[in-house]
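Number of protein chains: 2
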Amino acid sequence: MGNTCRKALILLAGMPGSGKSIFALKAKEYGFGIVSLGDIIREEAIKRKLVLDSKNMMSIAKELRRTYGKDIVARLALKRILEMLNIHSIVIVDGIRNLEEVEFLKSNIDAELIIVSIHASPKTRFKRLVERGRSDDPKDWESFLNRDYEELSLGLGNVIALSDVIIVNEGSLQEFHQLIENFFDRVIKTWCT
Amino acid sequence: MGNTCRKALILLAGMPGSGKSIFALKAKEYGFGIVSLGDIIREEAIKRKLVLDSKNMMSIAKELRRTYGKDIVARLALKRILEMLNIHSIVIVDGIRNLEEVEFLKSNIDAELIIVSIHASPKTRFKRLVERGRSDDPKDWESFLNRDYEELSLGLGNVIALSDVIIVNEGSLQEFHQLIENFFDRVIKTWCT
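One line per chain: the protein sequences are X and G, in this order.
So the first sequence is numbered by our numbering: it starts at 546 and just counts up by one.
So the second sequence is numbered by our numbering: it starts at 546 and just counts up by one.
Chain X with its partners taken away, still in its complex shape (with noise of 0.2 Å):
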């Protein structure tokens, strides 16, 4: 693919338990570039020798914002999203939180750029981050409640509201990778000859 897309960034955003970390995968399988504002975070945790869960992870990214601006993550990952887009035509941002985050990388990067989220219901998400089982991810519902809460604080609810496309994971994961290989397909036809 390489020489013959035009140069594009997908913006990913999505609440935690959607289906992120499939998109982004599949992302791989297909060639894409992938950066995520998430190691952004973990690099710094790690720097403070801090525990890697995700309270650590949701106090540092809250504390990086409230200091340098909202869009500091999205300028700590803009070098890594040049490079990035010199090596792949299509690069995915995982992890975006904010419309400033948007804002930023729309003003400073030379490329197609799109906002696609993943939606899933918080039942549906619950279930799944539960069956996950991560040390961090969350054991019951009040939890589950506050970490979306966190999220949300942060402005993620606007990113999804404005997306430019939103795949509903609702399915099995069987048909969630087919919806995810649809959209990449037109984004093929889209943006490469």
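Among the clues, some could well be false.
Since the list gives no way to pick one copy over another, a pair counts as held whenever it fits inside one copy or between any two copies.
Heads up, simulated DSBU-like pairs for lysine-lysine below, C-alpha to C-alpha not over 35 Å straight-line [to be verified]:
(1) K624 <-> K668
(2) K552 <-> K684
(3) K573 <-> K672
(4) K684 <-> K651
(5) K651 <-> K668
(6) K594 <-> K571
(7) K607 <-> K668
(8) K651 <-> K607
(9) K594 <-> K734
Hints were generated in silico from the structure; no laboratory data involved.
Could you slot chain G onto chain X? The hints should help.
Positioned in the frame of chain X, the structure of chain G alone reads:
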């Protein structure tokens, strides 16, 4: 249907031009009850002898919520919703704007309750609103975006992010009708015997 369905509220949300009105019209055809939260604001505008354009509506919506709390519009609509639930088992509450309204209705109404959002991309919604051309619909991209941001400032993004169901209205009107019918058929299958 009336007697054989469980009491249920469908809380309807969506950005301007997403297709909420079409959903509400279709719900009427199905014999569901409709309560429009916009009507509450409209009646307040009439009381104050104001022109019924979106600018005045938005300014009343904001003022009411600032003065009386974020759930005020749901509180003002409660009696109407309860009356409607006496006539129709399934009632649509059109125009939910924040999670406080959702919480208020959840706590004060003994019925099943789901959030349904209609989504279309900003590009598609802009095109539709320009084509619709109501006197107070945005004429250019900037005023369209400003109206979007006003809606988001009320908390609408959070409601959309926490939807139980998102119906994506990106295709033709006919396709949208089909999606709504599929959804209502599922609703009836779930709540009615």
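Which holds for K594 with K571 at a C-alpha limit of 35 Å: within a copy, between copies, both or neither?
within (32 Å within a copy, 56 Å between copies)
Using 35 Å as the alpha-carbon threshold, which applies to K573 and K672: within, between, both, or neither?
both (26 Å within a copy, 34 Å between copies)
### Message
For K684 and K651, with the copy left unspecified, which applies at a CA distance of at most 35 Å: within, between, both, or neither?
### Response
Classified as between; 23 Å across copies, 37 Å inside a copy.
* **Within, between, both or neither: K594, K734 at alpha-carbon 35 Å** => neither (45 Å within a copy, 53 Å between copies)
- Item | Intra- versus inter-subunit Cα pairing at 35 Å for K624 with K668 | Between copies only: 29 Å across, 38 Å inside.
### Message
Treating 35 Å as the Cα threshold, decide for K607 and K668: within, between, both or neither.
### Response
So K607 and K668 pass the 35 Å test inside a copy (26 Å) and across (31 Å) alike.
* Evaluate K651 and K607 at a C-alpha cut-off of 35 Å and name the case that applies: within, between, both or neither. => both (22 Å within a copy, 30 Å between copies)
Up to 35 Å between alpha-carbons, please classify K552 paired with K684: within, between, both or neither. Between copies, since 31 Å is at most 35 Å while 41 Å is not.
query = Given identical chains, is K651 near K668, meaning Cα to Cα at most 35 Å, within a copy, between copies, both, or neither?
reply = Classified as both; 34 Å inside a copy, 16 Å across copies.
Comparing the model with each numbered hint stated earlier shows that hint 9 is the single one that does not hold.
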